[in-house]
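Trainee: These are the residues of each chain, in order.
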Amino acid sequence: MALLEGIPAPLTPAAATKVLVLRNYVVYKGAWKLFITGFLEPVFYLFSIGIGVGQLIDTFEFHGEAIPYAEFVAPAMLATSAFNGALLDSTYNVFFKMKYEKLYDQMLATPLSTGDIARGEITWGLMRGSVYSAAFLVVMALMGLTQSWWAVLALPAAILIAFAFSAVCMAVTTWMTSWQDFDKITLAQMPLFLFSATFFPIEAFGDGVLRWVVEATPLYRGVVLCRELTTGVITWESAVSVVYLVVMGVVGLLVVRRRLDKLLLT
Amino acid sequence: MGSDMASDTTSPTPSAAPARPARPTGSLSAWEGMARQYDYWLTVLKRTWRGGVVSSFLTPLLYVVAMGVLLGGFIEADPDQLEGATSYLAFVVPGLVASHAMTLAVSESTYPVMGSIKWHKTFFAQLATPLAVRDLVNAYVAFVMFRVASACAVFMLVMAPFGVFATWWGPILAWLSQVLVGFAFTTLVFAYSAWLKSEEGFGLLFRLGVIPLTLFSGAFFPISNLGPVLEWIARLTPLWHGVSLSRMFCVDQIDWALVVLNVVVLVTLTVIGWFLAVRNLDRRLEV
Amino acid sequence: MISARGLRKSFGDFEAVKGIDVEVRRGEAFGFLGPNGAGKSSTMRMIASVSPVSSGELRILGMDPATDGPAIRGRLGVCPQEDTLDNELNVFDNLYIYGRYFGIDRATCRERAHELLEFAQITEKAKAKVEDLSGGMKRRLTIARSLINNPDLLLLDEPTTGLDPQARHVLWDQLFRLKQAGVTLVITTHYMDEAEQLCDRLVVMDKGRIAAEGSPRQLIDAHSTREVAELRFGVGEHEALAEKIEDLGERIEVLPDRLLVYSDHGEDVVTAVLDRGLHPIATLVRRSTLEDVFLRLTGRSLAD
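Residue numbers (my numbering), protein chains in the order written: chain A, 1 to 266; chain B, 1 to 287; chain C, 1 to 304.
FYI, nobody ran anything at the bench for these hints, they're computed from the structure. A virtual CB, placed ideally from N, CA and C, is assigned to each residue, including glycine. There could be a bad hint or two in this list.
Claimed, not checked - Pairs of lysine-lysine, DSS-like flavour, derived with a Cα cap of 25 angstroms:
1. A:184 / B:46
2. B:118 / C:127
3. A:97 / B:197
4. C:138 / B:118
5. A:99 / C:129
6. C:127 / A:33
7. A:97 / C:127
8. C:138 / A:29
9. A:262 / A:184
10. C:179 / A:102
11. A:102 / C:138
12. A:29 / C:127
13. A:18 / C:127
14. B:121 / A:29
15. A:99 / C:138
16. C:125 / A:262
17. C:125 / B:118
18. A:29 / C:18
19. B:197 / A:99
20. B:197 / B:121
21. C:129 / B:121
22. A:29 / A:102
23. A:102 / C:244
24. A:18 / A:97
25. B:118 / A:97
26. A:99 / B:121
27. A:33 / B:46
28. A:97 / B:121
29. B:46 / A:102
30. A:18 / C:129
31. C:138 / B:197
32. A:97 / C:18
33. C:125 / A:102
34. C:138 / B:121
35. C:125 / A:97
What the hints assert, rightly or not - Here are a few chain A residues that sit away from chain C, every Cβ distance over 12 angstroms (derived from the structure):
36. 40
37. 175
38. 178
39. 239
40. 243
Please build the complete structure, drawing on both the sequences and the hints.
Mentor: This is how it looks when you write it as C-alpha cells:
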C-alpha cells in the first residue's frame, strides 16, 4: 500500500487552527498596505474627536474622577476598533468566503471539520486585531493618555472584546442570505459604536431605563472595561464586564459550530 | 502610446495609424445618450433603494444624535469658537451633511463601478449598443447624484425643525453646495475606480481618503483647532471647501469672496474628474 | 472501496437519492451517468463524507462516514463540479496550503506541489493568480489539488464540463495515467464519450434511482442495437414515414428532424428504405453509443 504512505491521521484542533492561520497569513502577506492602514483608523478618530473636538470640552467625570477628553475617548477607540475589526472579519469576510469563494467547501473536502474552520478564522482575526490593539496602546502611552500600569491589561481586554464579537457575529453571518442583509449589521453596528459611551459619558442618557439598557450592551461593557484599565480606576464592574464578554464569546462559538454543520454539511 | 508611434514609421499601410478610436464621443447627443439609460437606472434604483435607506439616512442621523445632541450637550455654545454657530448641533449639522454627501458619492462610485467593469461587465454590454463611453459616465454620474441630492435634501428637511438653520434660504444654498461636493467626488472617484485593477485599492481609498477627510475637514470641529500647519493642509482638501460653503450658508456667516473660491475649486475638480473618468473608462473598456 | 446499500438522501420533502446499491472495487474507474437532477452530485457528496446519509448503509474504504468523516476525507481526493480554488492564493500555494489541510508536513507538501504542477502542465504558472488562469488550467489545477494527498479514491464530479476539446483530451490522458497507477476513480458525467473512454463500469441514474448498471459495452448490448441508421426526410414527413419502415429495425424513434432505426445491420436498413422507393435527404449509419442507451433510459425531455 505505497499510496498510503505520508498521510497522517486527521489533524488535532490545534494543528488545524495553525494551518488555517497559515493560509490567512499567506493571503494577507500580499496586502501589507491594507494591514498598515487598518491601524490608522482609530488613531485618526483619536486625533479628530479626542484632540480636535476635545478642545471644545473641559473634562469628563468617570467614576467620580475628572479626566481630560482625550483620555476619555482613547480607551473607547481601543475598544471600538477591536469591535469594528472583529465585526468586519467575521461578517463580510466570512460571508464572502462562504458564499462566493466556496472556501469552506474546499476545506471540508479535507480532514478539517467545521469546528476547525470556526476556530481558525476567529484565531486569525484575533491575532491580527491584537497587533492593532497593541500598536494603539503604544500610541496612547506615548501621548500620555494612560494613567496606570493597569493599562497593560487593556490589551487582553481588547482581545476579549474582539473574541466575543467575532464569535457572535460569525454566528449571525450564518443566517445571512444576501448582501442586502448586511444593512441589518450596519443597523446594529452604528448605534453600538456611537452610543456605547464612546464619545460622551453614560450620564448623557439620564438616569432612566435608557441608561440601564445601554449599560447592558456588550460594547458598552468593553468600552468601560478598557476605560477603567487605562485610567486605573478598577471597580467590581470590571469583573462583570469580563464575565459578560467571556460568556458571550463561548455561546457564540457553540452556535457557530452548530450552524456551520447545518449549512455546509448537507 | 508606443505601438502607435511605431506603426507611424514602419507600417506600410496608412490606415494602421489611427490615433485613437473615436469612441468617447458617440453619435448620440449627450442628452439622448443619458435618456436611453433612464429605464436601466430606474430599475437599478427600484431594486436597491431599500438598502440605501440605512446608509443614506439612518447612519448620518445617528451621528447627529450622538455627536450633535448628546456630545454637543457637553460643549459650551460659544459662537466665537464655533465659526459663528450658536450651538454645537448647529455647527456640526452642515459639516456632517457635506461629508455625508462625499461618503455617499464615494461608496456609489467605487465597488459598483468596478463591478460594472470586472464582475457583471454591464459597461461592456451597454457599449455594444449605440451608447458611447461618455454617455455611460454621464448617466452613471446622474444616477449617483440623484441619490446624493435626495439624501441630502431629506436630511436637511429633517433638521429644519431643530432650529439649526439661521435663515430659510441659507439651507437651500447649503444643499446646492452639498450637491457640488457630490459631483466633485463622484467624478473623481469614478475616474479612480475605472483606472483601478484590484479592489484592494478601495480599502486604501476609504482608510487614507474618506475617513481622514471626514474627520479633519472641519465637519466635527473648527479647523483652526488643528494648529496653523494642519489648518492650511485642511484648507487644501476638497471636502473642506464643501463644509465651508455648507456651514456659511446654514449659520448665515457668509464671506462671499470665500464662497466664490469654494465654488470655483469644487467646479474645477468636477470638470477635471469628468474628463479623467471618460478617459480612464475608455482605456479600460478598450480590450 | 465504496459499498452502498439502500442509500437515500432527502432534503426536506424532496428525495434526491431514492435507495441505490453501489459497489466500487479497488483500481476500477466507475461512472455515474444521468441527466441533471438525477441525484449524481448528492451521491458524490455523500461519498465525499461531507453530506450526511439520510438512510441506508454507506461504507467508504471500509469506514462509516458518519463517524470517521475526517479519516475518510484524509484518503480521498475530491474534484468538485465547480472549481473551488482559493482565489486569494497563487497557484503554487493553492496546492501547498491545501496539502497542509491534510496534515502533510511542509517538505512533502512542497515536493508534491511541484510534482503536481508538472503533472498538470502548469509549472510556469506557479506564481500566477488563480483568476488569471484559463478554464482548462483551473480545471487541471483543481484535479492536481485533489491528488495532493496521494488519494486511494479520487472523486471527479463532471471533470470536463466547460472545457475545450484539447483540454478534455489532455485531462482524459491524465486520468487514464492515474488509473494505470492504481488509483480508484469515481466519475460523474453526462458526456457519453467520456464515460465510454474512461469507465470500466457505470450506472445510469435517473430521478434518484439506478436505471441500469454494467460496462459501457454491456449497456449498449442490453439497451440498444449494434448500429443505428439515421434517416432525414423533409420537415413533417417523419411521423408518416415511420409507419412504412417500422418493420426494418428492432425499434424506431421519431425525432422532429430525423428517424432513428435501431438495427444490428444499419446499411441493410438504408438499402431496404431505398428499395421501398423512399428518398431520404440524408442518411447516416453509425455504431450505437452510450448516448443511445442513456436517452433510451432517461428519455429525451429536458431534465430542468
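Trainee: Would the hint linking residue 127 of chain C and residue 33 of chain A be met if the CA-CA limit is 25 angstroms?
Mentor: holds, 20 angstroms
Trainee: Verify the proposed pairing of residue 125 of chain C with residue 262 of chain A, using a straight-line Cα cut of 25 angstroms.
Mentor: violated, 37 angstroms
Trainee: Are the Cα positions of residue 29 of chain A and residue 102 of chain A separated by 25 angstroms at most?
Mentor: The given pair, whose Cα atoms are some 21 angstroms apart, holds under the 25 angstroms limit.
Trainee: Are the Cα atoms of residue 118 of chain B and residue 97 of chain A separated by 25 angstroms or less?
Mentor: holds, 19 angstroms
Trainee: Given the hint that residue 184 of chain A pairs with residue 46 of chain B, test it: the Cα-Cα distance must not exceed 25 angstroms.
Mentor: holds, 19 angstroms
Trainee: Checking one constraint from the list: CA of residue 97 of chain A to CA of residue 197 of chain B, max 25 angstroms. Satisfied?
Mentor: holds, 21 angstroms
Trainee: Regarding the pair residue 138 of chain C and residue 121 of chain B, is the alpha-carbon distance no greater than 25 angstroms?
Mentor: holds, 21 angstroms
Trainee: Below or equal to 25 angstroms on CA atoms is what counts here, so check residue 99 of chain A against residue 138 of chain C.
Mentor: Distance ~19 angstroms between residue 99 of chain A and residue 138 of chain C Cα, so the pair holds.
Trainee: Starting from residue 138 of chain C, check that the Cα of residue 118 of chain B is at most 25 angstroms away, please.
Mentor: Distance ~19 angstroms between residue 138 of chain C and residue 118 of chain B Cα, so the pair holds.
Trainee: Has the given pair, residue 197 of chain B with residue 99 of chain A, been kept, meaning a C-alpha gap of at most 25 angstroms?
Mentor: Distance of about 23 angstroms is within 25 angstroms: holds.
Trainee: Does the no-contact call for residue 243 of chain A survive, Cβ to all of chain C over 12 angstroms?
Mentor: holds, 34 angstroms
Trainee: Are all beta-carbon distances from residue 239 of chain A to chain C longer than 12 angstroms?
Mentor: holds, 39 angstroms
Of the hints listed earlier, those the structure fails to meet are numbers 10, 14, 16, 18, 23, 27, 29 and 32, in rising order.
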